[in-house]
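Chemist: Take a look at the letters that make up each chain.
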Amino acid sequence: MIMSALAATAALTACVDDDSNSVLNDFENEFGTNTKIELEYDTVRGGGSQSNPLLYASAITVGQRLQMPMTVKYAYPERLKYTWMVVPYKDGKVQQVQVGNKLVYVQADTIANTRDLDYVVDLAPDRYRFILVAEDPVTGLSASYHAPNSNQGVEVPQEGVQGGLYLLTETADGNTDIEVFTSDLMLIYGGLAEYKKYYSTLTGHTLEGKPRFIRGCSDGSTAKSAYMVATDKNMYRLNMAGLVTMNDWNNMFYETPATYNPQAMVMTNSCEFLINDGRLHTLYLDKANSRKYSAAVAGDSKDYEAMPWLMFTTKTTWRPTPNAIDADQVVFDAKNLRFVPYFARKTSMSTFLSTSGDAVVDANKLPAKPMAIVNGVNNSTYAIVKTDGATMLYRYNFYNRVDEGDLSADGARSALDISACTDINNATMFATCTVGPAFYYSSGKNVYSFSPQTGQTASQTVYTCEPGEEVTCIYAWGSMGGGFPTSSVIMWIATWNAGKQEGKLIQYEMDHNTGLPNSMWGPMFGAPDNPVITTGWGKIKAMTNIDAE
Amino acid sequence: MLSACENDKFYYQDKPRVRLVGDEHLTLGTDSLELSFTTYAADEVQVKVDACIMGSVAGHDRTVSIEIDEARTTASPTLYSVPSTVMVPAGENKGTFFVTLRNAAELQSRAVTLYIKTNVSDDFAVGVNEENHLLMRWSDIIVRPLYWADIEEHFGAYSNVKYRFMLDCLVAKGFNTNLDPAAGLNWADLHNYNIVFANMLKEYNAAHPGAPLTDENGTLVTF
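Quick note, the sequences are listed as chains A and B, same order.
Going letter by letter, the first sequence gives residues 1 to 549 in the working numbering.
Going letter by letter, the second sequence gives residues 1001 to 1223 in the working numbering.
No wet-lab data here; the hints were simulated from the structure.
Check each hint, because a few of them may be wrong.
Residues on chain B that point at chain A, a partial pick, calculated with CB under 10 Å [what the hints assert, rightly or not]:
| hint | residue |
| --- | --- |
| 1 | Leu1079 |
| 2 | Ser1139 |
| 3 | Asp1140 |
| 4 | Trp1187 |
| 5 | His1191 |
| 6 | Ile1195 |
| 7 | Phe1197 |
| 8 | Asn1199 |
| 9 | Phe1223 |
No residue lacks a Cβ here, since even glycine has one placed at the ideal position from N, Cα and C.
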């Protein structure tokens, strides 16, 4: 009997004290369970739900301090051994290298053995993922935490790569410089900073000619990793690293066009599209190429004269509409007053189907040459046309839809009279973000907005110039998204004061639904000022941000 | 004196003779050349020929006699021009002349030949057998290139009319007529050519209203 009692006691004790990983012995204490280790970023110690430096980051820089306070839930936290690792990571997987005739995974580097990470970035240019592994050496139980979640990891860019808003400025002697601006609201660029005369400081010279446009472009691969800068004298492909000239106009073509007149350039659908002197040239980057633009694409049955406008996004790969138009690009033919599609890798332009009689707007025949064409909400297309004494906003949709003879974007509201918009007939600058319906415009005096989805019939004032000030450029980023919260809510207005010989940059957080300033993300991310105004710039004539074009 | 007699064996001892050497780019060092007008912009080509002497240079001008071997010549006289004499200037070791070869519609379906040779003149005897003549053969015949399958992705199904049009375009633009990807052309290079052809075809059809370019099978040519 005593033996039985002892055995029973021992058995009870075993039940209470057994801390093995057996399912039969699950238990939980104030620290967590004994069957699962949960690792999370500590938002309390980190300073907020958005404070995780790797949450939205697309890039980190050498020398940057990464602080990742972590929480752990586990019954025996004191037993855990921690290992922070960093591994080259791209396209959803750890990168592999050839060793002999085999592909092997790149070995991860251990960068810390603490729960919290406090690390000064010291990595070669590449894309990486950070991993925290926690292991209980007693039971062998382990868990891991990965950051960022992005399939492309976080990039350590090549030296000399400065991210931010690139400003094309006209110098006093009529040439072009590049200046760079970053702000807290832009999130991933390290806060407010102004890189005045950035290009000329880097290279020792300016670019010949007055600024025309700047756009993200390719280095010959499918990566958007260079800038295309056009002036009225030359066009340059500048590598992101150090803005080194890769080539210029004279070696950008198989056959350099007789007339130099670059008007627009967009990289989309693995292709660079360039309009020069009313003709479309292509450079397909997902095929073996010599980084040269093709001869001008032929017209269909008619010759064409393309206006300086190109679509940012013409199709989608995520749940595309069956039998959607699927053009690689669309241009506006000013000679025949029509939109014409260009399909992948063709030698000639094509046409849309004949317009049905009940279409609200006719993409095959506009009443007049538009004053402007811009990329509108959800990748629709806006054309502002003066006709019959009125100024009209025509809205078309060529994106992810079937062509059945009516390419109107919004039913009866595809044609709106915007004659009441202040100064619209003198507008020379336009800006949009395809995330919202509003468009912005300026003739040089003040900046206005109009949203076709609010029911308004007149414009709203966004910015009023000070005495002696003129608007020189307006730009809203995020037309193709940038993958981070503020990538579709910021707009910049550039002004020039001739008396002071000084440029000003005004940054607004905008609501692109209403076309008015709105502070939502700014306060959340510790950037409450709206607008943010900086001065001392050159005369800003064009802007772009390559990560959120 | 004995030394001088021994050295004499190293010098040419025969009477002066003359041999023919054609343009090396065309003959590749042989006694014949073949030429296709499909890769020439003009309808006439000048072939350079050197009448090279065998023996010492002279202190006076000398004359080479050139004749046509009619038995080995199938080209009609309208398709070529050959000088009957060539001068070797004093102090020179050769005289240079040009043979003109001409294109004609008949050459799109057959090749023709011209056989020229040196003849005895007052100044020269005929040169060595291997080089006393030059055979020239030319045509304007289109032949489907062996690599067409490798470029069909760009240019579509082959036809003689289409290929001739492409060659004419390339020649007019001063581009290389070799479209073989194995020669180093990449996708973008060929795509660019395709666009060039499309543009030039538009111009051709616009210049021939009602008669767009149609191939030998009755199919409209497209790019």
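Chemist: Look at each hint and say if it fits the structure.
Modeler: Going down the list of hints, with the structure as the test:
no.: 1; hint: Leu1079; verdict: violated (35 Å)
no.: 2; hint: Ser1139; verdict: violated (30 Å)
no.: 3; hint: Asp1140; verdict: violated (27 Å)
no.: 4; hint: Trp1187; verdict: holds (4 Å)
no.: 5; hint: His1191; verdict: holds (6 Å)
no.: 6; hint: Ile1195; verdict: holds (5 Å)
no.: 7; hint: Phe1197; verdict: holds (7 Å)
no.: 8; hint: Asn1199; verdict: holds (5 Å)
no.: 9; hint: Phe1223; verdict: holds (5 Å)
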